[in-house]
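S.K.: Protein chains in written order, with UniProt numbering: chain A, 1 to 267; chain B, 1 to 267; chain C, 1 to 267; chain D, 1 to 267; chain E, 1 to 267; chain F, 1 to 267.
Quick caveat, the hints were computed from the structure, so don't treat them as lab data.
Hints may contain errors.
It does not matter which identical chain is used: a pair holds within one copy or between any two.
Claimed, not checked - Pairs of lysine-lysine residues, derived as DSBU-like cross-links and limited to a Cα-Cα distance of at most 35 Å, are as follows: (1) 134 to 211; (2) 233 to 134; (3) 162 to 233; (4) 39 to 162.
Number of protein chains: 6
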Amino acid sequence: MNDELRDYLIHEEPYYRPVGDEVELYEAAYSVRMPMMLKGPTGCGKTRFVEYMAWRLGKPLITVACNEDMTASDLVGRFLLDAEGTRWQDGPLALAARFGAICYLDEVVEARQDTTVVIHPLTDNRRVLPLERKGELVHAHEDFQVVISYNPGYQSLMKDLKQSTKQRFGALDFNYPAHDLETEIVSHETGVSADIAGKLVSVAERARNLKGHGLDEGISTRMLVYAGSLIHKGVAPLAACRMALVRPITDDPDMRDALDAAVTTFF
Amino acid sequence: MNDELRDYLIHEEPYYRPVGDEVELYEAAYSVRMPMMLKGPTGCGKTRFVEYMAWRLGKPLITVACNEDMTASDLVGRFLLDAEGTRWQDGPLALAARFGAICYLDEVVEARQDTTVVIHPLTDNRRVLPLERKGELVHAHEDFQVVISYNPGYQSLMKDLKQSTKQRFGALDFNYPAHDLETEIVSHETGVSADIAGKLVSVAERARNLKGHGLDEGISTRMLVYAGSLIHKGVAPLAACRMALVRPITDDPDMRDALDAAVTTFF
Amino acid sequence: MNDELRDYLIHEEPYYRPVGDEVELYEAAYSVRMPMMLKGPTGCGKTRFVEYMAWRLGKPLITVACNEDMTASDLVGRFLLDAEGTRWQDGPLALAARFGAICYLDEVVEARQDTTVVIHPLTDNRRVLPLERKGELVHAHEDFQVVISYNPGYQSLMKDLKQSTKQRFGALDFNYPAHDLETEIVSHETGVSADIAGKLVSVAERARNLKGHGLDEGISTRMLVYAGSLIHKGVAPLAACRMALVRPITDDPDMRDALDAAVTTFF
Amino acid sequence: MNDELRDYLIHEEPYYRPVGDEVELYEAAYSVRMPMMLKGPTGCGKTRFVEYMAWRLGKPLITVACNEDMTASDLVGRFLLDAEGTRWQDGPLALAARFGAICYLDEVVEARQDTTVVIHPLTDNRRVLPLERKGELVHAHEDFQVVISYNPGYQSLMKDLKQSTKQRFGALDFNYPAHDLETEIVSHETGVSADIAGKLVSVAERARNLKGHGLDEGISTRMLVYAGSLIHKGVAPLAACRMALVRPITDDPDMRDALDAAVTTFF
Amino acid sequence: MNDELRDYLIHEEPYYRPVGDEVELYEAAYSVRMPMMLKGPTGCGKTRFVEYMAWRLGKPLITVACNEDMTASDLVGRFLLDAEGTRWQDGPLALAARFGAICYLDEVVEARQDTTVVIHPLTDNRRVLPLERKGELVHAHEDFQVVISYNPGYQSLMKDLKQSTKQRFGALDFNYPAHDLETEIVSHETGVSADIAGKLVSVAERARNLKGHGLDEGISTRMLVYAGSLIHKGVAPLAACRMALVRPITDDPDMRDALDAAVTTFF
Amino acid sequence: MNDELRDYLIHEEPYYRPVGDEVELYEAAYSVRMPMMLKGPTGCGKTRFVEYMAWRLGKPLITVACNEDMTASDLVGRFLLDAEGTRWQDGPLALAARFGAICYLDEVVEARQDTTVVIHPLTDNRRVLPLERKGELVHAHEDFQVVISYNPGYQSLMKDLKQSTKQRFGALDFNYPAHDLETEIVSHETGVSADIAGKLVSVAERARNLKGHGLDEGISTRMLVYAGSLIHKGVAPLAACRMALVRPITDDPDMRDALDAAVTTFF
């Protein structure tokens, strides 16, 4: 493996509990280097899944947190000036394509649609990346794959992928894990007992039912891990839930009451 | 041929199955160096056609994936700074014009109308490209031709070519291939049997009828190739179709049901 | 003549057929160096006319294809960095003013109104161009003249010249040539017989009547030359007309039928 | 401790009076390095609390006053040019992550949502900061923590944190202190008697009741400290209150009368 | 006089015919260095008047054609890079202030209001120009004066001077000259007889009555000079008027007929 | 005192006539280094007051004319490139904070709200200015104070200070001086007799009553000083008033008649 990518290898197995056949489907997709789109709500484990798959496949993983300021140059690369003049620096996408990594564009809808267009020639049978500013045509390494994550709840007229982008990806749906599995995850990640972890999951399930009825998003697995960690450090469960589950996601007094009531029901 | 363009020659015949007289018409257009506009939906084979024609004519092909961030400088070139000061670097359009390539502006409506204006002097009888920043007037090489692709489904008040741009091009219409031809293409590109390929095409035809009735775009030939590749790798047809044909293009539950039903009808 | 402008001289007489007294009027205007505005639809011959006049007057012609990205610096010039530091590079307007060329701003309404303001001091009795960034006041060469083209069909609240700009120009109206003259032009430029050329002109005349009734612009002389060239290369007239006259300007099925019907009427 | 951060250590105990269990909760959150969000109105003591906690924990504190012009580069770092060419300069976020400080993003909603995205990989279990432009992946120091402040009164469709950002933080609510505690604070900070301090607090309480009824915000503790300081310097209480409490927050004559009446009620 | 300004001295008396006491009023204003605002329609002689006054007072004149792209730096100056590093270059306003010229901001409403703010400290009793980027405070030379031109017909909500800018100027109104005076001017500037000049003025007067009734602006004195020049060169009066007076200002067929009729009435 | 600030000291007492206890209140505010906001209409003497106070306190005064183009870097400083590479240049705010000046942000609402945020850490008890780009934390000099001016008449949804900014300032109201005081000021500043000065003030008072009834702003003291100066130079009072008081502030014929009538009433 090229030295440039050595830092991006994942050496320890990330903790990931499969919820269905997503591991096998991803492996099949990778075997034909199909670009992949992971769909699902915030904090349900999409990023962890990609880390797990990269570890399992033994491929380096380059992650890009997309944002609206991101330009095509941030992905592709740019000229930098040093003592000898301008020097080309590959961006994360060019690095991954040139030397063979999985390139993961996290929250891709946050990037402007027009930035996203630069991945097109890498996601059809050409598998090339034209570096127009450098005058080079990078032919993607055989290990290279593009993966994007996508939260359908954010879809709007302003922020969505173009059809011509979507059609370049296979898609896998993700959601919060089932009760027992999520309990196991929370307990494993925080050290709290299965009993406490189960109560936290029950609180989250109540909140997830409020999504669209006053809450923009439910309580994610990641938030449960925060609450469990506080409890494991000795914070009272009520205080931990208020601080980690309720206060962060709403300032509406009625909604706060509803969520606090859910907490006291279980603790 | 100039060294600068050697990388852009296509050495192996791209797999392309003509659907009508488009090959002969393009050859006639190229013989008078008429700028060409290829119209049709995403993933129906426009890019493959240009690659095939470039190979057939033995001319280098420089492809530019247009996007809204693209400036005139990205097409025409710019000054770069190195140890000796500023140095001019031709953009893809200038490179193609100077040394004689086919310059293919893919998804040209994605570029701002005002960027597109720089191709005007190359697309009338002058066939020149003024590099105003360099103070040079490039007279196009006799092999040079401009080709653009254009998806009429995207036409809107905000995104369309100007009349003064459109009038500079001859136009060819493209669409998804007829059933038997598309079946042959999917089978050839993926290795699945004609039977399975035909079923995939039938699924696509159902989806294409839903265009405008809940789907923005139908399922493209490219997507069928993805699904076929998964099946050829051993993925179950239902899972492969969900992952490659249905999940990527819609999150609407009803639409997903309709498409899933189409899949189970044929598999 | 200054070496800088030698490339911009037109050595061969451009083919131009006068339609009225426009040649004499332009010569009178040039004799008093009156800035000129050429008005008329896309592709009716305005650019060819300027080339012809520049050839006839023996003056170099610098053409600028205006676009909305164009800044005042693109016209006037800028500092470039080289090994000795910054170096001034005249833009096309400064070059023309300094050494004495006709400067032709094509499709001037495409430039932002505010960019256009830089030509003001060159288009009144001062005939100077202040290079504020360089701290120089260029007094225009006695041969210098500004010419702009302008398509009244594009006039809108957003895109129009300011009154204070318009008042600085004499104006000449252009339109498509009369039937016989246009037939002669098409035949001369493509090699097709007068009979075929006349039929093409008749098709165009039908389409021009549809302008404002479903078509944004009619079929231009330039498009007829494209169609004629294809026919001269052996393409069947119906296919040539569809490709060069109909497909480029509309995707509306009814309008396409109407235009196709016009084509079959004459061929 | 790294030299780079020595300037950011707080050597003297900041004056802070706890209003509840916020000190213990913050310590528990820090012990698991949970990113924290401090919610509350302008001038109620959020910044002072962070300074106090940084002093108490013995960690350096890097504060960033967020604004809409702030780019991701302002947080993460950029290349600077010096005699040897470009040199990387860590931004405050990279500095804090690399060497282990508490990084406090004050008034984080003022930054554009898209800038805020750069803190995502630092606020989940990855705790990394990718410096894409430098091609480096910074693994956060074990002392590093992100804290943001947030005024719920500013929430609007245009300016709010994304759900995917909010879910990465534990939250603590802040408000103006209770009457006696605020009186003690004002007296301590300004040197005026408890009697005068209490009257100032009473004026503020009246104004806070007008919030949403003609006033956008109430009178903050910070403003009371200003008024008290003026009185301690010998300015008459009425003049001090007009200058420090009333004139700054409203130009509406009725509202000024109402506030002036409140002042004269107590002084 | 400083060498920097020698190019901006006007050596020959500009042809200017006073229409009232504007010369004396301007001299009084200059004697107290009152900033001046010249109000009136396009092409009525405001620029010529400033040139005449500068010549009469023996002061150099630096003219800036304002436009929306103009930044404060374009007026004030900027750092340029050369072999020794950055070097400050005064903009026209700084040059005029430093060495003592009349600085004429032509069509000042075209500049953004916020750019205009940089003249404020030069137009009150401070008479200073802070060069913040250079860290210098320029005290204006005793000969320095600011003059702006302003077309009230352009006033709109979007484009107007701020009150805080307007209040810094004395104002003089300008309009087209009276019939006999304008006749004399046209005859003097073009060489045509007083009879022809008078007819041209009569045509203009008709057109000026149509302002607001289909014409945005009337025909200016400058346009009459254009028409007269063409006639003096031998162009037939009707053709000269169409080209120089009618075609440039309107494309409306009815308005063109009305103006053509006015022309034939007098010629 | 530091050499950097020596140019900003005011050596001669500015002419200022107090209208109330504003001098004492400002001195008390300065003694506790309270940031100050001066509110009032254009041209009523706010800037002169700050100059007077700076002279009285013996502190240097750095004035910044705020505008919408102003960036945080313009206030704080930036890196400049010279022969040895980049060099930091303090902006006016950093200069004042570092070495101890009064920093006066004139017409602060003209700056974008987000730029204004950079003064926050200097206007609470921290009194620091983080230079993020330089990686330095400037602790304000003990003499440093921020003063801003603010015209409530400009308040609008688009242009207003944020509450979190307003709450950091004590405020003083300013208005035009009373009749006798303004008469004394006009006479002192221009040399005209008290009789003439009084008449000018009477004209202004009439105009100020029209504010909001056709006039955006009344006639300011500064304008009266212009008119008086012209009269003192021998211009007839009617002409002087038209030029300095009426023509600059309105183009509306009725309003001009009303103001001209006011002038003839008194002269």
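S.K.: Hints first: check each against the structure and report whether it holds.
M.R.: Structure-based check of each hint:
Proximity of residue 134 and residue 211 under a CA criterion of 35 Å is satisfied in neither setting, with 47 Å inside one chain copy and 40 Å between copies. Taking identical chains as interchangeable, the C-alpha atoms of residue 233 and residue 134 are never at most 35 Å apart, the minima being 53 Å within one chain and 37 Å between chains. In this homomeric assembly, residue 162 and residue 233 come within 35 Å of each other (Cα to Cα) only across copies, at 28 Å, whereas the closest approach inside a single copy is 46 Å. Proximity of residue 39 to residue 162 under the C-alpha cut-off of 35 Å is found in both arrangements, the shortest distances being 15 Å within a copy and 18 Å between copies.
This entry does not satisfy hints 1 and 2, going by the numbered hints stated previously.
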